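**Q** We have chain A already, so just place chain B on it with the hints.
Chains A and B supply the protein sequences, listed in that same order. Just so it is clear: in the first sequence, position 144 is 144 by the numbering used here, and no numbers are missing. Each position in the second sequence, counted from 1, maps to that position plus 290 in the numbering used here.
Source of the hints: derived by calculation from the structure; they are not laboratory data. Here the structure is a predicted model, which is why all the values come from computation and not from measurement. Watch out, some of these pointers could steer you wrong.
As the list claims (entries may be wrong) - Straight-line Cα separation of at most 30 angstroms, DSS-like style, residue types lysine-lysine; simulated pairs:
{"#": "1", "chain 1": "A", "residue 1": "K182", "chain 2": "B", "residue 2": "K306"}
{"#": "2", "chain 1": "A", "residue 1": "K98", "chain 2": "A", "residue 2": "K182"}
{"#": "3", "chain 1": "B", "residue 1": "K553", "chain 2": "A", "residue 2": "K277"}
{"#": "4", "chain 1": "B", "residue 1": "K306", "chain 2": "A", "residue 2": "K102"}
{"#": "5", "chain 1": "B", "residue 1": "K306", "chain 2": "A", "residue 2": "K175"}
{"#": "6", "chain 1": "B", "residue 1": "K553", "chain 2": "A", "residue 2": "K72"}
{"#": "7", "chain 1": "B", "residue 1": "K553", "chain 2": "A", "residue 2": "K215"}
{"#": "8", "chain 1": "B", "residue 1": "K306", "chain 2": "A", "residue 2": "K98"}
{"#": "9", "chain 1": "A", "residue 1": "K98", "chain 2": "A", "residue 2": "K277"}
{"#": "10", "chain 1": "A", "residue 1": "K219", "chain 2": "B", "residue 2": "K553"}
{"#": "11", "chain 1": "A", "residue 1": "K215", "chain 2": "A", "residue 2": "K72"}
{"#": "12", "chain 1": "A", "residue 1": "K277", "chain 2": "A", "residue 2": "K72"}
{"#": "13", "chain 1": "A", "residue 1": "K281", "chain 2": "B", "residue 2": "K401"}
As the list claims (entries may be wrong) - From chain B, some residues computed to sit far from chain A (all C-beta separations above 10 angstroms):
{"#": "14", "residue": "M332"}
{"#": "15", "residue": "L367"}
{"#": "16", "residue": "Q520"}
As the list claims (entries may be wrong) - Just the calculated beta-carbon pair ranges, DEER-fashion:
{"#": "17", "chain 1": "A", "residue 1": "K98", "chain 2": "B", "residue 2": "A481", "range": "26 to 32 angstroms"}
{"#": "18", "chain 1": "B", "residue 1": "L519", "chain 2": "A", "residue 2": "W49", "range": "37 to 43 angstroms"}
{"#": "19", "chain 1": "B", "residue 1": "L585", "chain 2": "A", "residue 2": "Y149", "range": "19 to 25 angstroms"}
{"#": "20", "chain 1": "B", "residue 1": "I492", "chain 2": "A", "residue 2": "P267", "range": "51 to 57 angstroms"}
{"#": "21", "chain 1": "B", "residue 1": "S293", "chain 2": "A", "residue 2": "K281", "range": "44 to 50 angstroms"}
{"#": "22", "chain 1": "B", "residue 1": "L310", "chain 2": "A", "residue 2": "W49", "range": "58 to 64 angstroms"}
{"#": "23", "chain 1": "B", "residue 1": "F380", "chain 2": "A", "residue 2": "L269", "range": "27 to 33 angstroms"}
{"#": "24", "chain 1": "B", "residue 1": "V375", "chain 2": "A", "residue 2": "A43", "range": "38 to 44 angstroms"}
{"#": "25", "chain 1": "A", "residue 1": "K277", "chain 2": "B", "residue 2": "S430", "range": "40 to 46 angstroms"}
{"#": "26", "chain 1": "B", "residue 1": "D352", "chain 2": "A", "residue 2": "I62", "range": "51 to 57 angstroms"}
{"#": "27", "chain 1": "A", "residue 1": "A83", "chain 2": "B", "residue 2": "G494", "range": "46 to 52 angstroms"}
{"#": "28", "chain 1": "A", "residue 1": "S168", "chain 2": "B", "residue 2": "N483", "range": "34 to 40 angstroms"}
{"#": "29", "chain 1": "B", "residue 1": "R338", "chain 2": "A", "residue 2": "K182", "range": "17 to 23 angstroms"}
{"#": "30", "chain 1": "A", "residue 1": "A43", "chain 2": "B", "residue 2": "V574", "range": "48 to 54 angstroms"}
Glycine included, every Cβ here is placed at the ideal spot set by N, Cα and C.
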Amino acid sequence: MVQSSGWFRALNAILLACFACATLFPFLNIVAVSFSSSRAINAGEVSVWPIELSFDAYHNLIADGQLLVAMKNTVLLTVVGTALNMLFTVLAAYPLSKRRLKGRNFLLMAILFTMLFGGGLIPNFLLVSTLGLINSYWGLWLPALISAYNMFVLKSFFEGLPEELEESAAIDGAKDLSILWKIILPLSLPVMAALTLFYAVGWWNSYMNVLIYIKSTDKLSLMVKLYQMMQNIGPELLSTSNGEGVSQATITPEGVRAASIVLSILPILCVYPFLQKHFVKGVLLGSVKG
Amino acid sequence: MHSRAQRWRRHWERDKYLYLLLVPVVLYFIIFKYLPMLGEVMAFKNYRLSEGIWGSPWVGLDQFRKLFTSRDFVQILRNTLLLNVYSLVFAFPVPILLALMLNEVRSELYKRVLQNFLYIPHFMSWIVLGGIVIALLSPSTGVINSILKAFGLEPVYFMASTFWWPITFVGSSIWREAGFGTILFLAAMAAINPQLYEAAAIDGAGKLRQVWHVTLPGIRSTIAILLVLQVGRMMDVGFEQVYSLQNSTVASVAEVISTYVYKRGIVGLQYSYTTALGLFQSVVSLLLVISVNRLIRAMGERGLW
Chain A
1 MVQSSGWFRA
11 LNAILLACFA
21 CATLFPFLNI
31 VAVSFSSSRA
41 INAGEVSVWP
51 IELSFDAYHN
61 LIADGQLLVA
71 MKNTVLLTVV
81 GTALNMLFTV
91 LAAYPLSKRR
101 LKGRNFLLMA
111 ILFTMLFGGG
121 LIPNFLLVST
131 LGLINSYWGL
141 WLPALISAYN
151 MFVLKSFFEG
161 LPEELEESAA
171 IDGAKDLSIL
181 WKIILPLSLP
191 VMAALTLFYA
201 VGWWNSYMNV
211 LIYIKSTDKL
221 SLMVKLYQMM
231 QNIGPELLST
241 SNGEGVSQAT
251 ITPEGVRAAS
261 IVLSILPILC
271 VYPFLQKHFV
281 KGVLLGSVKG
Chain B
291 MHSRAQRWRR
301 HWERDKYLYL
311 LLVPVVLYFI
321 IFKYLPMLGE
331 VMAFKNYRLS
341 EGIWGSPWVG
351 LDQFRKLFTS
361 RDFVQILRNT
371 LLLNVYSLVF
381 AFPVPILLAL
391 MLNEVRSELY
401 KRVLQNFLYI
411 PHFMSWIVLG
421 GIVIALLSPS
431 TGVINSILKA
441 FGLEPVYFMA
451 STFWWPITFV
461 GSSIWREAGF
471 GTILFLAAMA
481 AINPQLYEAA
491 AIDGAGKLRQ
501 VWHVTLPGIR
511 STIAILLVLQ
521 VGRMMDVGFE
531 QVYSLQNSTV
541 ASVAEVISTY
551 VYKRGIVGLQ
561 YSYTTALGLF
571 QSVVSLLLVI
581 SVNRLIRAMG
591 ERGLW
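Bound-form chain A, shown alone (with noise of 0.2 angstroms):
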């Protein structure tokens, strides 16, 4: 008995490993592509490990910026937009935490509506397009203000806060703006956290509404320029554009690819580790609705 739920739990081990490695296996392959040489990229001879290590396709897409420029738009894309998100639903949930008040019901309700029933992509445009903010951030971000889903995760963390911190507060001469900066906030930094997590990957992610509203080259996100760039790797792209080095024959459109898979992802690597421990909790209070 003990010595098969031992064979049971190793086995089990193994087999999640297995299923670890598959998962993290096409990222290994894209960044060994990405420093391998064109040769061994086209005689598909790379896995997990460069192949004959080559720093080519790098040099060639930092020589021609323009997916570094979307990095950039890209940054005060999700900066802004998650900022603004933040606010906004700070803005709803706190109020809305407050059984108290008046009118919550009807406005909780109808912002459950808009969760289950929305004007479609047309409709959406065409308000945007009247609004004039076609080819402006702010097309992008006006529209997104606050996620449905996310107010409703903050406010039913709100409404799990002790009451008697805010009363004994409220008795010392607070105002509820500050019982909310002073009390409220610092209390809430984890599933903060965890929002601002979710908000900011989206941003950084944003690819569609790009697509839509976004019409001048210079002011793409990095998502829309990099599915330009697989799509078709043009000549700009694999000609030497620094002039010292990088002849055309080392350079091939799936190393220049993979280089800017790897370039785009690179970021949200860096703060995953960070924030990891947070969105669990966050996916958690999300599910138990209030």
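**A** Frame of chain A, contents of chain B only:
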């Protein structure tokens, strides 16, 4: 006796800051959520740019008639439903299985490491994941085909085959979401009373029997809710996954409602026609979610609202 006006006054005095905070929020929902719902009237009009939404002529149900009689409609509706059914059958059980396995891992450290690896793809965009999938499966340079060739097999054109494309679609969904999907199931398993396992062990139940008789019943309600939620999303396949994986050779199995609305509406400027399609999709989705919620509550579980 306080009059209504006085009571409101007292409420207002006490909560005016809360109401002030809500003003921008209410404006946001009115302008960016409810106004576009009014825009759905375009589905009953023949939109002309020069005349705007309100000036364009009414055409009643003509757009819907055009839609329901077109061959495109049958195809994209079928593709949308089929891809969702495949996901339901093949992708849905995977996080449950993974969670059952993770739940049996004794070493907390090993478990955490595994989980953190399994979550990673969830945070990547479909553009990135689609790019990786296409590179991986490339017939000339992809590593999968290199392996096939090493075994003496013919290279497979995964992305250009109408047989392999849906498999790739579901496989990539599993890759991205299976690990992340374990979070809720693991939380449900953590809530199971450990005495139940002890009792089962005393009754002579081995590991597999314990999983069958204790763990699975313990997470039944979580499974049920997620399952019906998935059914509620039957009409919707996310835009980006399909768009990043599809190409013209597999359009017959890969064109779905969301990509079609984008191509015909935004790119092709057929605003009224695609609004009609979007409205059809939203209404069916709404009806599905409402019935699914009824069903959950009828089963004695807590509903979604």
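**Q** Confirm or reject each hint.
**A** Going down the list of hints, with the structure as the test:
1. Taking the CA atoms of K182(A) and K306(B), the gap is about 19 angstroms. The hint holds against a cut of 30 angstroms.
2. Restraint check: the Cα-Cα separation between K98(A) and K182(A) comes to about 17 angstroms, which is no more than 30 angstroms; the hinted pair holds.
3. Among the hinted pairs, K553(B) with K277(A) is inconsistent with the structure: their alpha-carbon atoms are about 40 angstroms apart, more than 30 angstroms.
4. For the suggested pair K306(B) and K102(A), the alpha carbons sit about 11 angstroms apart, so the restraint of at most 30 angstroms is met.
5. Distance check on the hinted pair: K306(B) and K175(A) sit about 11 angstroms apart at the alpha-carbon level, within 30 angstroms; holds.
6. Between K553(B) and K72(A) the CA atoms are separated by roughly 28 angstroms; this keeps the pair inside 30 angstroms, and the hint holds.
7. Restraint check for K553(B) and K215(A): satisfied, since their Cα atoms lie roughly 16 angstroms apart, inside the 30 angstroms limit.
8. Pair hint K306(B) plus K98(A) holds up; C-alpha atoms about 13 angstroms apart against a cutoff of 30 angstroms.
9. Pair hint K98(A) plus K277(A) holds up; C-alpha atoms about 29 angstroms apart against a cutoff of 30 angstroms.
10. Restraint check for K219(A) and K553(B): satisfied, since their Cα atoms lie roughly 22 angstroms apart, inside the 30 angstroms limit.
11. Distance restraint check for K215(A) and K72(A): the Cα-Cα separation of roughly 17 angstroms lies within the 30 angstroms cut-off, and the hinted pair is therefore satisfied.
12. The suggested pairing of K277(A) with K72(A) holds, with an alpha-carbon distance near 28 angstroms, which does not exceed 30 angstroms.
13. Taking the CA atoms of K281(A) and K401(B), the gap is about 17 angstroms. The hint holds against a cut of 30 angstroms.
14. With 10 angstroms as the threshold on Cβ separation, the claim that M332(B) sits away from chain A is violated: the shortest Cβ distance comes to roughly 7 angstroms.
15. L367(B), annotated as away from the interface, keeps every beta carbon of chain A farther than 10 angstroms; the closest lies near 16 angstroms.
16. For Q520(B), the requirement that its beta carbon stay farther than 10 angstroms from each beta carbon of chain A is met, with the minimum near 15 angstroms.
17. Taken as a hint, the range 26 to 32 angstroms holds for the pair K98(A) and A481(B), whose Cβ atoms sit roughly 29 angstroms apart.
18. Restraint check, L519(B) to W49(A): a C-beta distance of roughly 41 angstroms satisfies the suggested window 37 to 43 angstroms.
19. Separated by about 21 angstroms at the C-beta atoms, L585(B) and Y149(A) satisfy the suggested range of 19 to 25 angstroms.
20. For the pair I492(B) and P267(A), the beta carbons lie near 52 angstroms from each other, so the given range of 51 to 57 angstroms is met.
21. With their beta carbons about 47 angstroms apart, S293(B) and K281(A) fall inside the hinted range of 44 to 50 angstroms.
22. Between L310(B) and W49(A), the C-beta spacing of about 59 angstroms keeps the proposed range 58 to 64 angstroms intact.
23. Range check, F380(B) to L269(A): Cβ separation about 28 angstroms, and the 27 to 33 angstroms hint holds.
24. The hint said 38 to 44 angstroms for the Cβ distance between V375(B) and A43(A), and at roughly 40 angstroms that hint holds.
25. Checked against the given bound of 40 to 46 angstroms, the beta carbons of K277(A) and S430(B), roughly 42 angstroms apart, stay inside it.
26. A C-beta distance of roughly 54 angstroms is found between D352(B) and I62(A), which places it inside the suggested range of 51 to 57 angstroms.
27. Range check, A83(A) to G494(B): Cβ separation about 59 angstroms, and the 46 to 52 angstroms hint is violated.
28. Checked against the hint of 34 to 40 angstroms, the C-beta distance between S168(A) and N483(B) comes to roughly 37 angstroms, which is consistent with it.
29. Range check, R338(B) to K182(A): about 55 angstroms between beta-carbon atoms, so the 17 to 23 angstroms window is missed.
30. Taking 48 to 54 angstroms as the suggested C-beta distance range, the pair A43(A) and V574(B) conforms, at roughly 50 angstroms.
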